[in-house]
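Number of protein chains: 2
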Amino acid sequence: MDKSKILVVDDESRMRKLVNDFLSRAGYTVLEAGDGMQALEVYASDKSIALIILDVMMPGLNGWDTLESIREMSSVPVIMLTARSEEQDELRGFKLGVDEYITKPFSPRILVARVDAVLRRSASTQSEQHDIGGIVIDKSAHRVTVDGREIDLSFKEFELLVYFVENQGIALSRETILNNVWNYNYFGDSRTIDTHVKKLRSKLGEKGDYIHTVWGMGYKFEAVR
Amino acid sequence: MDKSKILVVDDESRMRKLVNDFLSRAGYTVLEAGDGMQALEVYASDKSIALIILDVMMPGLNGWDTLESIREMSSVPVIMLTARSEEQDELRGFKLGVDEYITKPFSPRILVARVDAVLRRSASTQSEQHDIGGIVIDKSAHRVTVDGREIDLSFKEFELLVYFVENQGIALSRETILNNVWNYNYFGDSRTIDTHVKKLRSKLGEKGDYIHTVWGMGYKFEAVR
DNA sequence: TATTGAGTGAACGTTCTGTGAAAACTATAG
DNA sequence: CTATAGTTTTCACAGAACGTTCACTCAATA
Chain A
43 MDKSKILVVD DESRMRKLVN DFLSRAGYTV LEAGDGMQAL EVYASDKSIA LIILDVMMPG
103 LNGWDTLESI REMSSVPVIM LTARSEEQDE LRGFKLGVDE YITKPFSPRI LVARVDAVLR
163 RSASTQSEQH DIGGIVIDKS AHRVTVDGRE IDLSFKEFEL LVYFVENQGI ALSRETILNN
223 VWNYNYFGDS RTIDTHVKKL RSKLGEKGDY IHTVWGMGYK FEAVR
Chain B
43 MDKSKILVVD DESRMRKLVN DFLSRAGYTV LEAGDGMQAL EVYASDKSIA LIILDVMMPG
103 LNGWDTLESI REMSSVPVIM LTARSEEQDE LRGFKLGVDE YITKPFSPRI LVARVDAVLR
163 RSASTQSEQH DIGGIVIDKS AHRVTVDGRE IDLSFKEFEL LVYFVENQGI ALSRETILNN
223 VWNYNYFGDS RTIDTHVKKL RSKLGEKGDY IHTVWGMGYK FEAVR
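First to last, the protein sequences are chains A and B.
If you're matching positions, the first sequence starts at 43 in my numbering and goes up one per residue.
If you're matching positions, the second sequence starts at 43 in my numbering and goes up one per residue.
By construction, these hints were calculated from the structure, which means they are not laboratory data.
Please note: incorrect hints may appear among the correct ones.
The list cannot tell twin chains apart, which means a pair is met if one copy fits it or any two copies do.
[What the hints assert, rightly or not] In silico DSS-like links for lysine-lysine, alpha-carbon gap of 30 Å or less:
no. : residue 1 : residue 2
1   : Lys59     : Lys198
2   : Lys198    : Lys240
3   : Lys59     : Lys181
4   : Lys45     : Lys198
5   : Lys47     : Lys146
6   : Lys249    : Lys89
7   : Lys262    : Lys59
8   : Lys249    : Lys146
9   : Lys45     : Lys249
10  : Lys181    : Lys249
Given the structure is predicted, the values throughout are model-derived calculations rather than measurements.
Whenever a hint applies, use it, and build me the whole structure from the sequences.
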C-alpha cells in the first residue's frame, strides 16, 4: 500500500511543522497550506489527497468557510483542529461531514490514531486489534487481555502500552516516549514514565518483562524474555 | 448483498445533502430530487429504488400529493420527513402506506436506524429484537425486559440503551454518543450522558454494570461483569 | 568503589465520574 | 390556556481514580 497524502492547513507554521513531523514519521506524505485560500488551491490541483486536517481558527478564510468550499468540489475526509476553549460548532460540522475533531493540545499518538482511523474508515470498516505473545489489545474496545484474562489499565497506561506495541523491537528513549504519548506541550519529569512502566509491568504479570529496560537509554518492547 | 438505492426528496438542498451524507456513510446509494415532480420522474425511470424519503412540506407538489402519485405506480416503502410543528396527518399516512415518520430535527442514528428497519421489514416480516445477557429489547414495541421483568424506560434512556447494545464491546466517547443518540443540532453538556447512564444502570438492576465506565474516555457496553 | 541510572512505594494535587436535587423543558389532560 | 406530571438537562459537590513527583533503595557500569 502506498502512502496516503494528507493536507495540513493551519496559519501557525509551528503547528503545521509539528503535525507534519508526526504524520511523516507515521509514514504519510504531508502537504501544507498556511491559509484557507491556499488550501483550496492545493486541493484543487491535487485531488489525490486522501485527508485534510483543518485548523478552525485562521485569519481570512476560517476552517469552516474553507471546508464549505472544499465540499463544493469533493467529499474528501476532514479532521478539524480546535482549541479546547473554542466551541465546537457540531451542527455545522455534521452538515459539512466532518469526520473527526482533534482538540489542541493533543498527543502525537492521538493525532496519528485519528488519522489512521479516518482513513481506515473511509476505506473499509475494520476493527483494529493487536496480538503479541499472548497480549491482545483491542483498541476500539480499549481493552487488553493477557493470556485470555482481561486486565484493567488506566488511560495513560493503555496509551503507553499501545505505543510500545506499535514500536516493537525499537529502543525508545524517555524523551521520544514523552513526545509521542504525552501532549506535545508537556514539560514534566521523564521519570513519570518509569512509574507507568512499573505499573504496566506489574499489571501484565509475567508478560511484564516484555518491556525491557535499555540501560542508559530508555525502554524497548519485545515479546521475549 | 448490494447497496439499496434510496431516493431523498426535499426542496432544501442542505437537508438533502445531510441525509445523503448520513445514508451514504451507512452504505446506501442515494438519489436526490428537489421537488415532487422530479421525484416522480426519477422513480418512474428507476423502479429499483428500495425506499423513498419524502419531505412533507415542499412548494409545488407537497409530500402527500407526491406520495399519492407514487402509490399509483408502486407500493415502495416510504418514510415521511416532518417538522416538529407540522401536524402528522396520520390517517392520510396510514391510507397511503407510510412506513415511518421522522421528525426534524433528527439524529443520524435515528435516520439510519429507521431506514434500516424499514428496509429490513420490507424484506422480511421480522420485528427487530435484541437479546443480550438477559436484557431483551424489542425495538418496534419500544419495550425492554430484564430477566423477563419489563422495565420502564424513558425515550432517551431507551435510545441510549439501544445504541449501547448495537455497539457492544466498543468504548464510546461522550462525544460519539452525543453525535449519534442526540439530535445533530444538540449543543448541550456531555455530562448529561452521565445522568442517563446513572438512571439506566439503576433501572437495569444488577445488569446495570453491563455499562462499563472507561475512565478518561467514556462508556462501553459489555454483557459481563 | 564511585558514579550514574533505574526500581519502588508513598504522598500529593489534579482530573474525572457518580450522584442527588433543582431547573428547564415537553407532553398531556382538563 | 393552564395546570400537572413526566422527562431531560444542568449544576455543584463529594469521592474515586489517576498522573506526577519525590526520596530512597537497588543495580549497572567503568
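- Message: Taking the earlier hints as the rules, which of them does this structure contradict?
- Response: Per hint list: 6, 8 and 9 violated.
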